[in-house]
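Asker: If you want the building blocks of each chain, they are given just below.
There are 2 protein chains.
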Amino acid sequence: MQTYAIVGKNVPRNDAEAKARGAALYTDDLKLPGMLVGRILRSPVAHARIKHIDVSKALALPGVKCVITGEDTPKVKYGNWRLFPDTQDEYPLAVDKVRFIGDEVAAVAALDADAAAEALDLIEVEYEELPGLFDTGAATQEGAPVIHEYCPNNISVNRKIQYGDIDKGFSESDYIREDTFHVHAVSHAYLEPCSSLAQVDLDGRITLWTSTQTPYIVQCLLASTLGMRENDVRVIKPFVGGGFGGKMELRPFEFCAAFLAKKTGRPVKFTLNREEEFLTGRRRHAMTLHSKVGFKKDGTLMAKDLKIRLDGGAYNAMGPTATFLCGNFGAMLYRYPNYRFLGEHVYTNKPPASAMRGFGAPQSLYATEVQMNMAAEELGIDPVEIRLKNAQVTGDKIPDVATISSCAFKESIQKVAEMSDWKNKRKNLKPGQGIGIGCYSFISGGVFNWFNTQFPFSAAEIRAYADGTVHYLTMASDIGQGSDTVLKQILAEELGLRMEDIRITSADTAMTPQADLGSWGSRVTLMAGNAILDAAKKLKAQLFGAVSARFNLNVIYELECKDGRVQAKGRPEKGVSFGEAVAMVQKANRGEQVVVRGAYTPRDKGLVTPAFSFGAQVAEVEVDQETGVASVKQMWTAHDCGTVINPKSVEGQLNGSIQMGLGYALSEQFVMKDGQTLTTNFLDYKMPSALDMPPSKVVHIDSYEPEGPMGAKEAGEGLVSPTAPAIAHAVHDATGYWCKDLPITPEKILDGMKQNKK
Amino acid sequence: MQTYAIVGKNVPRNDAEAKARGAALYTDDLKLPGMLVGRILRSPVAHARIKHIDVSKALALPGVKCVITGEDTPKVKYGNWRLFPDTQDEYPLAVDKVRFIGDEVAAVAALDADAAAEALDLIEVEYEELPGLFDTGAATQEGAPVIHEYCPNNISVNRKIQYGDIDKGFSESDYIREDTFHVHAVSHAYLEPCSSLAQVDLDGRITLWTSTQTPYIVQCLLASTLGMRENDVRVIKPFVGGGFGGKMELRPFEFCAAFLAKKTGRPVKFTLNREEEFLTGRRRHAMTLHSKVGFKKDGTLMAKDLKIRLDGGAYNAMGPTATFLCGNFGAMLYRYPNYRFLGEHVYTNKPPASAMRGFGAPQSLYATEVQMNMAAEELGIDPVEIRLKNAQVTGDKIPDVATISSCAFKESIQKVAEMSDWKNKRKNLKPGQGIGIGCYSFISGGVFNWFNTQFPFSAAEIRAYADGTVHYLTMASDIGQGSDTVLKQILAEELGLRMEDIRITSADTAMTPQADLGSWGSRVTLMAGNAILDAAKKLKAQLFGAVSARFNLNVIYELECKDGRVQAKGRPEKGVSFGEAVAMVQKANRGEQVVVRGAYTPRDKGLVTPAFSFGAQVAEVEVDQETGVASVKQMWTAHDCGTVINPKSVEGQLNGSIQMGLGYALSEQFVMKDGQTLTTNFLDYKMPSALDMPPSKVVHIDSYEPEGPMGAKEAGEGLVSPTAPAIAHAVHDATGYWCKDLPITPEKILDGMKQNKK
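Chains as they are written, first to last, in our numbering: chain V, 103 to 860; chain W, 103 to 860.
Some hints could be false.
As the list claims (entries may be wrong) - Partial list, computed: chain V residues near chain W (C-beta under 10 Å):
1) Leu161
2) Val302
3) Thr555
4) Glu694
Said to hold, decoys possible - Between beta-carbon pairs, the in silico distance windows are:
5) Asp216/W / Lys133/V: 17 to 23 Å
6) Lys640/V / Gly266/W: 51 to 57 Å
7) Lys262/V / Gly136/W: 54 to 60 Å
8) Asp665/W / Gly329/V: 20 to 26 Å
If you are wondering where the hints come from, they were derived from the structure by calculation, not from laboratory data.
All values derive from a computational prediction rather than experimental measurement.
The beta carbon of each residue, even a glycine, is placed where N, CA and C say it ideally should be.
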């Protein structure tokens, strides 16, 4: 195992102090002279034609500077799947129709928030209501109302995956089971509400400060919806208080801020309130998963046939990717010799679902893992053993997807069993107590270019200075996950510098190198990390050249950047300080600044991802026999994220994942009635708090991913998946109840316990 | 003459609309959450030792967050002449001594302006007063008090220039005259008062928004005075409302903002009020010039011996450069076969003088031009003719300085004489009316590297996009003179684009390419213009390569960027749009963004400047015989600035120059008493207003400077010099009075008229 100076160390996050002191500025903290306040008028009906909108009274209100409706805009549809323009189904402001309660109908810019709010009440909209579709069953029935004209059956995307011989696989199976799982929609519940501030620059260009995971995507889609050229739009990401997939698309308020800024010539800011967030924000897809699996008696997996339906809500959003990934996650983790998948993305008149941490995995793996535990029970095999028998290993090929270049899944299973004292606990827990296991595999960014970018997937620029510092520029987006710190660690390690020697500028589409596709799918460490190493390699070549020439080094010398020096390997006397080496290169180029650029785009890595991470988790649960309330007593996790760049950061990700997994499994729920979201605050929407967190132990398995920077791959997103199936398993262990319909509420547990007693 | 699409056109300034709408943000417009207000305590005495400072009462005042004195600081001296560290004589806050009334003694950061102002009153400073020196005579007397310990005779810099044989020159002269001229100090009087806002970034770095002409210089000197590394300081120039040389150094409030931001962890802003500006701001050097010139009878110049003394005030500031340049200006404009110069920069206990528009030229040329007119009169030669006889021409060598690569001085003289109907007017003006001429030569930026930069003098980056736009990054500073527009014109011309196709980012030391030495000495058009052409050449090479390959062009084809296309010259069908060409280059580089960098440093261009501009001006004046008030009736100007990039912009510069020249000649004056400036507002300090402006006509002489971008060179700074001598000449013509002691006040005119009557 290679030893590192900075990689693998608990370096404090570079934003920690600013956040602790309250000095970190989020978008809503930004104020510009003459700034107007924006508000959006939303549809109160789930499905309707817009007959008429009268904004005259709103416009007449003192303090109101501008009111816009869809009719005022260029009416350009957008969506993240630029590669397939047919999938782009959303207008920034509704044109002709509204499709869910909360759909954006008009926007106002006013001198203050009161005037803006009052103006909303004065906009008169005449709707012709249409029947609403609130579940995928109703939406796909013959003769159902059509939500989007272009899509008469309301199934906007379907995705098939097939390899092996599925019929043969089942015919050779000794044991086959079929289950239908329902998983529910949950909220990203990022603590920073969405906010955008737009300003018209010189020459009519737009600068948009926005709370986003994907500045580049927002830049491109905002430009197209405004009818502008991409580079006439500049997107800057200030500090972001979480995204989790909910801030990775162009959003109507971003368009409205920019459009109103252009119309009024003044800066315009929109900040959503929590009610708007819950009412209209993206959410994780609710799905129905029908899974059929076949095993040999000894537990060997023979075949899997997975059919899923996503409740997409009113628009595609990231649904196509979730559909695609869900099918891929269905074939990951274990060796399925024969596999078939059919995924359908269905429109309903509900708030659009989209990407959320895990991106199809929490749903897909809930089915996989619960069913695996069911099968193990019925086959009489320890759930740990059945997993070890089928687990993917390094070098495994997933047909049409990739060869897995590193995989410490078996080690993770073994380790978590050992940590949790699995064998003993399984036998010796008291009644009402249970233990369960869940596993995951996840991607390290995507390969499939759905956004159709012409730029590298990630790029890096390094400017090196004679004072021993470097300035690192990247469009990668730290959204609270700490990527700026991790990327700085990688660069510091590679250049033999200290963290404080590196200035980082990230996520500004005009200033940082084009492009980076953003923070989603756990792509940043691997992709931006590889881009920075590519740039660093070019820088080192120049520095090494200068030092070789200065010290007249024999050509066979290897050189290194270490401890702030550039030198012949292990021979500090044959070298100079980093700054001196930079000065030499600069002198050799007649003073020109030392600047290098690097890039990374995964190539020849299949269709899904360049690298796979793995892990296993055990949950211990106690169920109150009277109330049915399940409490998680302890969590154990062992996982393979390749080289751990920053252990504390990975642990932070783990804690966040467990918190999200807990909520997903036990408490979070959108209560809805006829398309109306009723849980629109944190009292009703029960997200676990710090007080709900169980003790947790984690082991990072030693592993090295050849495609990753210094061996690193995904950490923290995959971990959101195993918690719910592990808890479901433990609940079953404690009560006999198998939950196939998330969340695992006390009512369901009590009901399940009653059924079992019968 | 080459024809251009955009160069030479009256393209509107890119900031015009923002400024007209009030949307342009100057430093004082910027607000950050938690921002503190800074104020400076200044010395009320001209020369004293600081015995003791007690800040405890100020610190105890509610709302006061921090108070600093020189003792709290790293005590690092600074000054722009980094190449000679001995000349760096200034502390950001006084250490041990104060040297002028207004010298910075302490600084306060408070919650609001009232608390900050009150805190100043509560700081107790005990001074031991020392004798003050208020003119260069007193300061250079044997036994005079010493202002700076390192400089016992108070002469901090002396500069000698000599070529030819001065004694022989005079001995061969038929006519010799010696005159002593006194020119006075005047204020830059920029309309935007100085302002700086500092913020502590992540990792303790500093970002400083500041109203400056020289972001790079401020970055470097701020870093050294703070004890930080250069690249841990970022300087951003917002819109600037004029500089004229008064904002080209590090200034104490910039240091105080940064230092207090570090101490308090909060943003801190300082904005000077007009009284502080007049009391303590830099000013143009007052000088005494003793000039001896020898002529042949026919008016041929034989020799010049120039001795000057600059009243530097308490610190060197840009005095060394002014001294150096003053000597060089003394040898420019005319052919001096024998020349000797001695310049002395003298410390006094007055506010420091420094660079101001013209940078030594207005003083030097006042002496040259008035003396030339005196000589012409005495030799009985028309002042126009004596100039034409001695005027420099293209190809002239100034020993040790440079070869003049373009010079349309004679054409300028002839043209202005023709425009003004010189010969007729001279004879036919009524009593009390007069006409006079003044000429100038000026530099297009400096060659001598007094700042000791290791970077190119100017650099440029171009990022080109497939959407047909480019992003141009430069550290050059638009301070209201319109350089951003002019540089965009040069780039648009070179790339065959429109103005709106170019985004410009300028003057941000962290983001724009290192370096640019700033806006002074009329360096921007030539130097930044050459840097951008260097970058454009590299970009075009790539675009041409892609088009040649795509169209399989014979190697002898010349290609061009024209009308938004990249094509074989004159054959649009063999070419593609600019954006398509960029996309091709990008594709060829696997998607990597198309980025090029260029640079310019004058080399092999002597010691002073790469290019010289020239011009001549005629003023018509009427003097009220009762009051002595001189009114300028009309101005005519003909000048050679090489290719005129933007005629309206040059005319704007001319109008500003005339306004400044008028004030210098007739009305502006610092009234001082024992080192105390008494004229500290615009009522007392009489700057000409728009209503005082005479009608003006201008002709740009057709000329091409080989070293300049598209033939361009300096415009607008040199023009500040001829106005005062032309007016003085006209006043003499009207009254018989020769002013050798600026300004030409009504009292002096009346007095002069009386003398002549005697």
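Asker: Hint by hint, note whether the structure agrees.
Answerer: Cross-check of the supplied hints:
1. Leu161: 21 Å, violated
2. Val302: Since the shortest Cβ distance to chain W is 8 Å, the answer is holds.
3. Thr555: 8 Å, holds
4. Glu694: 5 Å, holds
5. Asp216/W / Lys133/V: 17 to 23 Å: 22 Å, holds
6. Lys640/V / Gly266/W: 51 to 57 Å: 54 Å, holds
7. Lys262/V / Gly136/W: 54 to 60 Å: 56 Å, holds
8. Asp665/W / Gly329/V: 20 to 26 Å: 23 Å, holds
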